[in-house]
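Novice: Below, each chain spelled out in residue letters.
There are 2 protein chains.
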Amino acid sequence: MSSNIDFFFEPESVAIVGASHKPGKIGFELVRSILECGFSGEIFPVNPKGGEILGLKVYKSISDTSSKIDVAVIVTPSKTVPNIVKECGLHGIKGCIIISAGFSEIGNRKLEKLLLENAKRYDVRIIGPNSAGIINTSANFHACLEFRVPKGPVSLISQSGAVGGVMFAMARAGVIGFNKFVSCGNSCDVNEMDVLKYLLRDEETKSIAIYVETLHSGRSFLESIRKFKGLKPIIALKGGKFSAGLRAAASHTGSLASPYAVYSAVFKQCGIFEVPSIGSLFSSAKISAYHSSSNGERVVVVTNSGGPGVVATDMCESLGLSVPEPSERLKEKLSAFLPSICSLRNPIDLTAMAGYDWYFNTLKELSSSMEYDYILSICVPPSFMDPMDAAKAIVDLYDVYSEIPVIPCFLYGSMVMKSIKYLEKHNIPCAYSIMDAVYSLKALSYFGRLRGERS
Amino acid sequence: MSSNIDFFFEPESVAIVGASHKPGKIGFELVRSILECGFSGEIFPVNPKGGEILGLKVYKSISDTSSKIDVAVIVTPSKTVPNIVKECGLHGIKGCIIISAGFSEIGNRKLEKLLLENAKRYDVRIIGPNSAGIINTSANFHACLEFRVPKGPVSLISQSGAVGGVMFAMARAGVIGFNKFVSCGNSCDVNEMDVLKYLLRDEETKSIAIYVETLHSGRSFLESIRKFKGLKPIIALKGGKFSAGLRAAASHTGSLASPYAVYSAVFKQCGIFEVPSIGSLFSSAKISAYHSSSNGERVVVVTNSGGPGVVATDMCESLGLSVPEPSERLKEKLSAFLPSICSLRNPIDLTAMAGYDWYFNTLKELSSSMEYDYILSICVPPSFMDPMDAAKAIVDLYDVYSEIPVIPCFLYGSMVMKSIKYLEKHNIPCAYSIMDAVYSLKALSYFGRLRGERS
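Here the protein sequences line up with chains P and Z, keeping their order.
Here the first sequence is numbered in our numbering, starting from 1200 and rising by one per residue.
Here the second sequence is numbered in our numbering, starting from 1200 and rising by one per residue.
Bound conformation, chain P alone (with noise of 0.2 angstroms):
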């Protein structure tokens, strides 16, 4: 089998194997995504009853088909799927991303074992089975059950296609997202290290975000991660870490699991950063896309919101960031502007009273004065205040000056939706929770320190 999966991402023909008549059914659905998601190579439906799907012809199987043919997207019924496989591999097709589920993670290890022999017997790579699909937005190409995501610098693996769902929906908060997307699902030939080794060499993806249930071998995934440590940010959700949690596992993706600590410590030795949620996950990867040559750990609060502002400070101090009060030099720069309400003592706390100058001005003394090394910008919006000034101020503030990753956590919803969206479109990436920047901020020092290593 080859063992390059490059043609997986960026396909010129993709036939879809089980695809249904009926909207609302999966393998309806797959097509209609395919279709509206813009794929400009060729898109053959399969399915024996021949006929038309939203104007695409059908063909009854795939040796119908007479075409040459990339990828094949398979969500027949799993005793059918093996024999499909071998179907693909005498057409000539090159992989399978098999969403069809029951095999190993119900049990059935013996269908599993079948898939393999016919796919290695007959040169085909697989995805899954029991994936919920791939995408690749820099190809327009959404081979996946869920719902569309925005563009983006950052890559997602994850052996959980719902954990896709959710960040995807995260993104669609904002404006930035994904480049890649691959669930492995029961990874019985392509598994979560192949496809990190491919986004590692990926010039489009910034970062790699990866929420991974069971590694089939984690001392061959650390032979060959670890020699990429810090070369690009790698960030891990791990998902099974206690009892009940191992047992979902198993049961989710068909595999024994290890020890939480195994993973922990295989992680630290590949230089993943890991985090204990979905949305620090997503924030992590997204900030860290961004900002991938900051370095240090010294964090200035500028906040227009004291308890906020406090929470945050906190949840830095717990992470091991530290939150340093400014000079006095840097105090008296401030407080010439600043009237004495303010407190400059690290938080800033600009007061509810803030609007587009006095943070323009507090961000641009703190972001030339060398004393932080990120500032994390939080803005709780009073019912008399417009965030939009507080947003303008740090999108013209990197027009000037650009020394220092600037974090905005604007809180919360639709009071603040516009001012995120405005943010993302000029490139600054937002947290969408204090919890989630403050980890964004460690990982940027993890990255950062990482990186001083290796060079």
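Read the hints as simulated data drawn from the structure, not as lab findings.
Certain hints may be false.
The list makes no distinction among identical chains, and a pair is therefore deemed to hold if it is satisfied within one copy or across any two copies.
Cut-off 30 angstroms, straight-line C-alpha distance, at most; resulting in silico cross-link-like pairs (DSS-like, lysine-lysine) [what the hints assert, rightly or not]:
1) Lys-1530 x Lys-1224
2) Lys-1431 x Lys-1624
3) Lys-1350 x Lys-1617
4) Lys-1426 x Lys-1350
5) Lys-1405 x Lys-1467
6) Lys-1530 x Lys-1309
7) Lys-1224 x Lys-1591
8) Lys-1617 x Lys-1405
With chain P held as given, fit chain Z onto it using these hints.
Specialist: Frame of chain P, contents of chain Z only:
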């Protein structure tokens, strides 16, 4: 001075001293908030310029009003405040809510002392200074700088107006909100303990959320509050836990802060459940308000998405909740209507194919099984599923059975907004993240145990 502070929440008449004619100014927005939120009592804007604001006659001074006034909200410059408090006392006003900042929080302890002396001499109770105001949604009384807030059973005491602002915005993402809100500011007179004792008596308040940076006397707080242990759910977020956070908290409310461990010990002895974030503070308080008679620590996770189910299970276990497998008998019952692709080991993974029937029947069996104390119901809709199916299954379940709480956690954002609103309209409070959901479950378990000790 009166030890009763009830009058603050149900005034028959209110003066706004420092009312402004200019939209966008605090003195204007405050009048607008009180007016637009439907306050039924009399409103007396006070400003030496006179005239009209939003159709209301403006009085040149308090004494000009010649009417009985219960409460004055003060937004004038700090140095004018002590004298205004005196005027209020002479006019028979029982309490002042002082929004004005510029007192001990910026080191101006002398001015705060003077203010307090006048309050004592002229028999006026004080909330603030440096308060963001108070809200009582039952009386449509919104004397607050924060945005409007949906009504609900949660009351909030906060040393930060903006923490309230974030929580109110979170409430607006659903339907269920707040009953009362008090921002104590510098707490020169009425402090968190006084408000807490009031809310413990208040029948409309079903649960209490507290954001606290500093308690003025941990010992008297402990002595006053611990006798109410287990009476109502109380949830706290402590701001200012470590060195920089403590420094920030000191700047924010002008008080000296004790080590974090002291607070944790006081909370524990008073039966106050501690949470780490604003999101978990809101969801724990909201969910505790509705499920205040629940008990136990056995959670069953019902999900249509494997990964989020595993993440939830991990978080449950990390907080000490148990996530046990169903009995063989219960598994048999479930497998009577669930196909073999579903995992029945807890999390119960209904897979992406789950619609109304699978959710409803599964929830019904689990709810009546006596094997669990809580159901965490996760839904991450894939592109071909309407999450309203799962939402309706939960609402319909409550019509038939309501043995144990079902906590919905639908993810994420606009994809599930309609479902969340539908559930909350039917008095089923939702969590917006897995972490928030799990902290809420832990809160229910914590308060269940306390009630057991109490009875």
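Novice: Compare the structure with each hint and give your call.
Specialist: Here is what the structure says about each hint:
Only between protomers do Lys-1530 and Lys-1224 lie at most 30 angstroms apart by alpha-carbon distance; the minimum there is 28 angstroms, versus 62 angstroms within a single protomer. In the homo-oligomer, the alpha carbons of Lys-1431 and Lys-1624 lie at most 30 angstroms apart inside one protomer (23 angstroms), although the nearest pairing across protomers, at 46 angstroms, exceeds that limit. Proximity of Lys-1350 and Lys-1617 under a CA criterion of 30 angstroms is satisfied in both settings, with 19 angstroms inside one chain copy and 25 angstroms between copies. Taking the shortest Cα distances, Lys-1426 and Lys-1350 sit within 30 angstroms of each other inside one copy (29 angstroms), while across copies they are farther apart (56 angstroms).
Taking the closest pair of Cα atoms, Lys-1405 and Lys-1467 come within 30 angstroms of each other only inside a single copy of the chain (20 angstroms); across copies the shortest separation is 45 angstroms, beyond that limit. Taking the shortest alpha-carbon separations for Lys-1530 and Lys-1309, only the inter-copy value of 24 angstroms comes in at or below 30 angstroms, while the best intra-copy value is 69 angstroms. Taking the closest pair of Cα atoms, Lys-1224 and Lys-1591 come within 30 angstroms of each other only across two copies (21 angstroms); inside a single copy the shortest separation is 45 angstroms, beyond that limit. In the homo-oligomer, the alpha carbons of Lys-1617 and Lys-1405 lie at most 30 angstroms apart inside one protomer (26 angstroms), although the nearest pairing across protomers, at 34 angstroms, exceeds that limit.
Of the numbered hints given earlier, the model fails none.
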